[in-house]
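**Student:** Protein chains in written order, with the numbering used here: chain A, 12 to 269; chain B, 7 to 548.
Worth double-checking, as some hints may not be accurate.
[To be verified] Okay, the calculated beta carbon distance ranges per label pair:
id	chain 1	residue 1	chain 2	residue 2	range
1	A	G178	B	R272	30 to 38 Å
2	A	W82	B	T506	56 to 64 Å
3	B	P490	A	T73	41 to 49 Å
4	B	P119	A	A223	26 to 34 Å
5	A	Q71	B	A493	49 to 57 Å
6	B	T24	A	G28	34 to 42 Å
7	B	W474	A	E192	47 to 55 Å
8	B	S388	A	G178	53 to 61 Å
9	B	Q459	A	A239	41 to 49 Å
In short, the hints are calculated from the structure, not lab data.
Ideal Cβ positions, reconstructed from N, Cα and C, are used throughout, including at glycine.
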Amino acid sequence: MVSTSAVRVQGLWKRFGQQIAVAGIDLELPAGKFIGLVGPNGAGKTTTLSMVTGLLRPDQGTVEVVGHDVWRDPVAVKARIGVLPEGLRLFERLSGRELLSYSGRLRGLPGAEVDRRAMQLLDVLDLAGAQHKLVVDYSTGMRKKIGLAAALLHNPEVLFLDEPFEGVDPVSAQTIRGVLERYTASGATVVFSSHVMELVESLCDWVAVMAAGRIRAQGPLAEVRGEAPSLQQAFLELVGAQGRGAGADLDWLGGGAR
Amino acid sequence: MSAAAGSASPAGSTGSITPVVVRLKLSLLRGGLRQSGGRRAAFIASAVVALLFAASQLLGFIVLRGHAHIASVAVLGVAVLALGWAVMPLFFPSGDETLDPTRLVMLPLRPQPLVRALLAASLVGIGPLFTVLLLAGCVISVARGAAAYVVAVVALLLALLVCVALARAVAAANVRLLTSRKGRDLAVLSGLVVAIGAQLVNFGMQRLGSSGLGRLDPVADVVRWVPPASAVAAVDSVSDGSYGVAVVQLALTAAALAALLGVWARSLTRLMTSPDASTLQPADTATRERSRAGGLTRLLPAGRTGTVMERSLRYVWRDPKTKAAWVTSLAIGLIVPVFNALQGTGSLYFACFAAGMLGIQMYNQFGQDTSAFWMVALTVSSPRDAYLELRGRALALLVVTLPYATLVTVVTTALLGDWPRLPEVLGLSFALLGAMLATGAWTSARFPYSIPQEGYKNVAPGQAGLAWIAIFGGMVSAALLSSPVIALAIWANVSATGDTWSWLLLPAGALYGAAITYLGLRLAAPRTAARLPEILTSVSKG
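Bound-form chain A, shown alone:
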């Protein structure tokens, strides 16, 4: 059945010059779950999410979101997904409210409905006080929140968030978390990337572990964690980084001698 998986990726490759960013990954992410894509910096998480959301053309492979091919059926896919990319700008010379209004109208929602939803989102995300400020003057946390609001505005079936908690203060992080938990409770799917294992462990019920452009493990959280005491431990074992710590090489570091 197609309907049970929110995202289905097969044989996805991406190469930048000599470097292979994504080396033939297969993924099958179930619908209605809070899904974490974890891996160290440079593992290929952003590249993967960009290809899945249609922002980057893969060298090879297919991507289906809720049963529609991202590259052959963009009309069906783009209306059903919300995206919060990492490292890309917003239209920063608009105020927060104008940005939401622009984003919603661009997606063809009726103006009055956009304004109604935008006001509610601004309230819930604690941005109502800054709604008339230009986004260029927002802090990192506020930018993530306004980006999330723009991604949620058209009530997508699947939400893709690239490092949504990176550089976000604890208060904003809690707000974002609350909104996302409410959103998945209604049956929608959230796919987010992070390199903070504790966060993924506390939020997700399904994880995919990525390292060096490949998927090392995927499945329900408990399954991937296995015998290990924490996801962090399980992850370090998976990517083979165990035991490579501060060894005897740095014996001069610290202590009395300068």
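Knowing the structure of chain A, use the given hints to seat chain B on it.
**Tutor:** Quick look at chain B alone, frame taken from chain A:
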């Protein structure tokens, strides 16, 4: 082991850092050149051009020795050169990475040695070499006698150091200004004011050029007391035997150098000890910028068209890069026809400049979005969406361009009193505007490039070729595309009965412009829709 480590660090700090910084500058130069063949070629080409220019200047000055007004020319030449040095860091703040002291902020350096080192480093490069050649020409042209030649060497060194220190002081003062968002916005526009000011000066110079060099003397009499021109004036004074005047002029230059170094050292210290303003939370969180949206939204059409138009128009006003580009276009589009008309050298056809200059704004539409283009890309899923997007942008442009081009044409016509030609020129303008919009839309889809948001560059490194193809290829194509209307205009002018029919060019040009815009948008839309990821990659480098 620890003894060796202990002795290494004091040795490092007592040694002069000047050679280190000079080597750093050379490494950066070499590294920059190694990056790409294009960059190497551009560097060599600009070096050759600059040196040829400087060498011919040097020769020219030597040949002109003894000319009645040569001292005035030399003094003013140095003044203009110094002005260039003062303005240069505003336009190319990132041209020299050793200039940005914030990069050195973590190193334990005191201001005095740092100023010395940076000053020495900034004497390396084509710019200083060019300046030395030019200054040599200036001092040689006014030096007569052994004493004058001795003073000339001192004057050359002083003038060179003043130029370089001036550039560094301006750069350091501006790095500070550029750290705040509002400051950055302002700085982009201040560069623009200088550029437009230069245009005005240029027109002034042209008028002066026609009435002889003697007109320069009164200005030079003042400037010869202004450093670093005063150094060259000192050589002239020595040649005339007025040693007292020469001493004062040299002292003035030396004092200016000391003052500039002082200002520079102070702003360096401030820069390196005070926090970066950009990371501080703005205090005025309560300020509510009143939304002007209400009126604007109601006037615009509904749906994607109005949404896109509204954002485009807001960006013209709020985005410093877009604003600077627009103000430049508006200003040059007005200055060229109107000033030429005022000087009596103009032709009514110059009024087409307004349409042409504003049409350029249609170029690289998606580059103007920067990486925020992803928001557009995610809502374009068919050629139809892409068409609406492009049409919205073209309409936003037309809201300003149509009335403006018409106004400029009418004003130019009034100045020249050539009313019978008005419809013809308006028709030409509209056809040209249409062709620019069409080629602009197509090149936006086909040759997008990044516009860096920081600094004054309008093309990201490595994409200059792309930008040239887009803009110049597009402009040539636009000229070719409007050739039917141009041909009609020529026919109306040369044929005997042409004058009676020339009014027809207005509706013909307008129709032709509209039709070709429509065609251009239609052709660009499927390309845009098919190339969304490629466009996004291309515009995300800034």
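**Student:** If a hint holds in the structure, say so; if it doesn't, say that too.
**Tutor:** So, going through the hints one by one against the coordinates:
For the pair G178(A) and R272(B), the beta carbons lie near 34 Å from each other, so the given range of 30 to 38 Å is met. A hinted range of 56 to 64 Å holds for the C-beta pair W82(A) and T506(B), which are about 59 Å apart. Taking 41 to 49 Å as the suggested C-beta distance range, the pair P490(B) and T73(A) conforms, at roughly 48 Å. Under the hint 26 to 34 Å, the C-beta atoms of P119(B) and A223(A), about 46 Å apart, miss the expected range.
Between Q71(A) and A493(B), the C-beta spacing of about 51 Å keeps the proposed range 49 to 57 Å intact. Under the hint 34 to 42 Å, the C-beta atoms of T24(B) and G28(A), about 39 Å apart, fit the expected range. At roughly 52 Å, the beta carbons of W474(B) and E192(A) sit within the given window of 47 to 55 Å. Between S388(B) and G178(A) the C-beta distance comes to about 36 Å, which lies outside the given range of 53 to 61 Å.
With their beta carbons about 44 Å apart, Q459(B) and A239(A) fall inside the hinted range of 41 to 49 Å.
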